[in-house]
Amino acid sequence: MEISIIKTMNLMMKKFFSLLFFLVFSSVVYASDSKPNVLVLTANGEAFTKVVSGMTVELEEDINFNKLFIEKNTSTKEIDKAITTTTPKLIVLVGNSSIKSYMEYQKNNPKKSFPPSLAVSALFVDKLVTKLKNTIGIRYEIPAVTSIVNLRSVMSKPIKKVGVVYREWMTNLIVENQKYCTPEGIELVSYILPNKDSDMTDKLKNGIETLLKKGVDALWVVNDNTLLNGNTLSSAWLPTIGSKDIPVIVGIEPLLASNLNFGTFAVFPDHYALGSQAASVIGEIMDDDWNIEGREIEQPLSVKKMINIAVMTKKGIPFKSEKLSEMDHVITQ
Amino acid sequence: MKWKIFQTLLWFSILSSPVFAETLYVFVPSSTSPKVMQDNMTALCPNIDVVVFGRGADFRKQLTDSPPDAVLSLSTVIEKSTNFKSVLIGLQNGSADEKYVLAGVDKAPDIASISEKKIGVVDLLGRNPMKDYISELFSAPVKLKSVTKQEDLLPLLSFGAADAIFVPERIFNEIKSKTQLNLVSTPLDIKVGLARAGFSGGKVKENIAKCIESFNNSLNESLGVEKWKSQ
Numbered sequence: 001m002e003i004s005i006i007k008t009m010n011l012m013m014k015k016f017f018s019l020l021f022f023l024v025f026s027s028v029v030y031a032s033d034s035k036p037n038v039l040v041l042t043a044n045g046e047a048f049t050k051v052v053s054g055m056t057v058e059l060e061e062d063i064n065f066n067k068l069f070i071e072k073n074t075s076t077k078e079i080d081k082a083i084t085t086t087t088p089k090l091i092v093l094v095g096n097s098s099i100k101s102y103m104e105y106q107k108n109n110p111k112k113s114f115p116p117s118l119a120v121s122a123l124f125v126d127k128l129v130t131k132l133k134n135t136i137g138i139r140y141e142i143p144a145v146t147s148i149v150n151l152r153s154v155m156s157k158p159i160k161k162v163g164v165v166y167r168e169w170m171t172n173l174i175v176e177n178q179k180y181c182t183p184e185g186i187e188l189v190s191y192i193l194p195n196k197d198s199d200m201t202d203k204l205k206n207g208i209e210t211l212l213k214k215g216v217d218a219l220w221v222v223n224d225n226t227l228l229n230g231n232t233l234s235s236a237w238l239p240t241i242g243s244k245d246i247p248v249i250v251g252i253e254p255l256l257a258s259n260l261n262f263g264t265f266a267v268f269p270d271h272y273a274l275g276s277q278a279a280s281v282i283g284e285i286m287d288d289d290w291n292i293e294g295r296e297i298e299q300p301l302s303v304k305k306m307i308n309i310a311v312m313t314k315k316g317i318p319f320k321s322e323k324l325s326e327m328d329h330v331i332t333q
Numbered sequence: 001m002k003w004k005i006f007q008t009l010l011w012f013s014i015l016s017s018p019v020f021a022e023t024l025y026v027f028v029p030s031s032t033s034p035k036v037m038q039d040n041m042t043a044l045c046p047n048i049d050v051v052v053f054g055r056g057a058d059f060r061k062q063l064t065d066s067p068p069d070a071v072l073s074l075s076t077v078i079e080k081s082t083n084f085k086s087v088l089i090g091l092q093n094g095s096a097d098e099k100y101v102l103a104g105v106d107k108a109p110d111i112a113s114i115s116e117k118k119i120g121v122v123d124l125l126g127r128n129p130m131k132d133y134i135s136e137l138f139s140a141p142v143k144l145k146s147v148t149k150q151e152d153l154l155p156l157l158s159f160g161a162a163d164a165i166f167v168p169e170r171i172f173n174e175i176k177s178k179t180q181l182n183l184v185s186t187p188l189d190i191k192v193g194l195a196r197a198g199f200s201g202g203k204v205k206e207n208i209a210k211c212i213e214s215f216n217n218s219l220n221e222s223l224g225v226e227k228w229k230s231q
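Protein sequence lines correspond, in order, to chains A and B.
For what it's worth, the working numbering labels the leading residue of the first sequence as 1, then goes sequentially.
For what it's worth, the working numbering labels the leading residue of the second sequence as 1, then goes sequentially.
Source of the hints: derived by calculation from the structure; they are not laboratory data.
Certain hints may be false.
[Unchecked claim] Lysine-lysine pairs mimicking DSBU-like chemistry, simulated, CA-CA at most 30 Å apart:
| # | chain 1 | residue 1 | chain 2 | residue 2 |
| --- | --- | --- | --- | --- |
| 1 | B | Lys210 | A | Lys304 |
| 2 | B | Lys178 | A | Lys160 |
| 3 | B | Lys227 | A | Lys320 |
| 4 | B | Lys176 | A | Lys320 |
| 5 | B | Lys227 | A | Lys89 |
| 6 | B | Lys61 | A | Lys304 |
| 7 | A | Lys50 | B | Lys99 |
| 8 | A | Lys323 | B | Lys178 |
| 9 | B | Lys118 | A | Lys35 |
| 10 | B | Lys99 | B | Lys2 |
| 11 | A | Lys127 | A | Lys77 |
| 12 | B | Lys143 | A | Lys133 |
| 13 | A | Lys35 | A | Lys157 |
| 14 | A | Lys157 | B | Lys176 |
| 15 | A | Lys161 | A | Lys244 |
| 16 | A | Lys314 | B | Lys35 |
| 17 | B | Lys118 | A | Lys50 |
| 18 | B | Lys210 | A | Lys179 |
| 19 | B | Lys117 | A | Lys179 |
| 20 | A | Lys323 | B | Lys203 |
| 21 | A | Lys107 | A | Lys81 |
| 22 | A | Lys304 | B | Lys117 |
| 23 | B | Lys118 | A | Lys133 |
| 24 | B | Lys99 | A | Lys320 |
| 25 | A | Lys304 | B | Lys118 |
| 26 | B | Lys143 | A | Lys179 |
| 27 | A | Lys127 | B | Lys118 |
| 28 | A | Lys214 | A | Lys161 |
| 29 | A | Lys179 | B | Lys118 |
| 30 | A | Lys157 | B | Lys178 |
| 31 | A | Lys89 | B | Lys131 |
| 32 | B | Lys85 | B | Lys107 |
With the hints as extra help, turn the sequences into a complete structure.
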C-alpha cells in the first residue's frame, strides 16, 4: 500500500515537472518570438555604425534587429537567405551600397512581394526609392534652410540673401530648398551651370562673381565634386571670394580648415541622431501595423555644426561669441 | 632597496589616482553643447568626475552600466529612476517647476484634437515610457515624434514632421527668437519640474552638492534654473 502511494506520488511529481518544464520552455520561445524582426542591410564604416547604433538602441526592447553586412561580393542570394530566415516586418537599407544590392534583389525577384523598407544614410534617397518597391526614406543631404538658420543664429549681421552655384541636374533640389528658405525670410539666390562643360572652372568663377555682385550675405556650397575639387578651389572659389567678409557654408569638415581660408561654417549629418530618426520612423510604421502607405520621404532633422572663428576674424565677419556654446565644435586657430 | 622603491611608487600611484573621485552624470536638454557644459562644470568642480550626456539613450545606458554617485537631470527623469532621490532642486522665479506650451506654425495647436496630432518632444525617458508620460500629462493618447536634441525641435516644424511641439515656455521663446516662422503657442495647464540633483540612495555627497551650488549664472541658465535649494 505504502509503495503504491509513493509510486503514485513519484509519477505525479514527474508529470508536474514535465508540465513545468514545458510551460517554462514554451514561454521563453514565445517571448523571443513575440518581438518582430527587422533586417538591416548595412555596409561597414564608422558613419553607418553610428546610424545603426542610434536606431537599434531606441528600439531594442521592441524589435529584434538582424544585420547583414553588404560588401562588394555580397550576392542577392545572401539577401534572399537573410529575408527567408528572419522573415522581417521591415528592411532597413543603410548606405548606397545596401540600396543598390537590394535594388538588384528586387529586380531578380519580380514576382515576390516585399516587406516595407526604409532607406537611410544614402545620397539621393528621393531618387533611389522611386526605383524600389514598397520603400520610403530619410534624406541624407542637409537642407539649405537648416544650415542657413543655424548660421544666422551665430552671425551679428543679417543673413537674408544666400547664394548658391549648382549644375542643372540639381535643379529640383535647389527649387525645393528655395521653398523651405522663403518662410524663414531667406532668399536662396541661385546661379545655374550646365551639367558638363569644357570650361567649367571659368563658368564657376563667373557664377560666384555674379552672386557676389548681387550682394548675397553668404554663400552655400553644395557637395558636388565637379564644382568642388582641388582645381576649382584654387582656380575659382578662393581667388573670387578672397578675403571678402562673406561667410561660406560648407558641407564637409576638411573645407573648414584654417589654412584653406575658405569655409567659415560647416553643417553635416549627425549620424547617430539620423539613426534615432530612423528609429522614430520605424516605431511609427510598427504602430501602423507595418504599413508605409501615404508616408513621405523625411528631411534629416539633426546636424552637427562647426564654426571657424579664426577665418571669420581674419575676414572681419562679425559673430556673436555668446552663441559659440551652441556649436558642436569651434575652430579657434 | 628595490622593494622600497616599488612600495613608494605603488603608494604614489594610489594616492594620485582619480579612483576615488565622485561621479556626476548630467542630462538636461539645452541649446548649450554637452561638451561646453561638461568643460564648464569640470572647471568649477575639478575634483568631481562630471559627464554630460547629449542624448537620453546614452545617459540611461550609462546609468545602468556604471551608476554614478549623483545625477543632474529634469525632475521627470529622476522621479522615474529607482536609485536616485532628489536632494537639490532647481528654482526659477522662486518656483521648482515651469509652464509648458504646445507650439505650431501659423496657428495655435488645438488641445482638444491632440490625439490626432503628431507632437514633437525631446526624448527623456525612452520610446514607450515617454509616450506613456506625455499621454498621462495630456490625459489622452498622444502620437510622438521624438528627437534627441532640443535644437531638432524647430526642423520638426520647418519640415512638417510634427504638427506641434511640446516645450517649456522659455524654450518656446528661445526657438521663436531663432526663426522667422510664425510660431504660435497654446498655453497649457501643465507644469513640469525643473532640473534637480538626485543622489544615489538619497545619500548626499557633500562635494557634489557644493559643486552644483557653485554653478554660475551662465551654467544655471543653460540648465534652465536660477539657483538651487535643498529639498
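Given the hint that B:Lys61 pairs with A:Lys304, does the C-alpha gap stay at or below 30 Å? Roughly 22 Å between the alpha carbons, so the hint for B:Lys61 and A:Lys304 holds.
For a C-alpha distance cap of 30 Å, please report whether B:Lys99 and B:Lys2 respect it. 67 Å, violated
Hint check: B:Lys117 vs A:Lys179, CA-CA at most 30 Å. Holds or violated? 24 Å, holds
Pairwise hint evaluation, A:Lys50 against B:Lys118, where the allowed Cα distance is 30 Å at most: Holds, at roughly 26 Å.
Please work out if B:Lys227 and A:Lys320 have their alpha carbons no farther apart than 30 Å. 26 Å, holds
Proposed proximity, B:Lys203 with A:Lys323 (alpha carbon, max 30 Å): Not OK: A:Lys323 and B:Lys203 at ~37 Å, beyond 30 Å, violated.
Hinted pair B:Lys178 and A:Lys160, Cα distance within 30 Å: 14 Å, holds
Are the Cα atoms of B:Lys118 and A:Lys35 separated by 30 Å or less? Between B:Lys118 and A:Lys35 the Cα gap is close to 25 Å, so the pair holds against 30 Å.
Pair hint outcome, A:Lys214 versus A:Lys161 [Cα-Cα no greater than 30 Å]: 9 Å, holds
For the pair supplied as a hint, B:Lys210 and A:Lys304, confirm whether the alpha-carbon distance does not exceed 30 Å. Violated, at roughly 33 Å.
Pair hint outcome, A:Lys127 versus B:Lys118 [Cα-Cα no greater than 30 Å]: 27 Å, holds
Tell me if the straight-line CA distance from A:Lys157 to B:Lys178 falls inside 30 Å. 14 Å, holds
Checked against the numbered hints given earlier, the structure breaks hints 1, 5, 7, 10, 13, 18, 20, 32 and satisfies all the rest.
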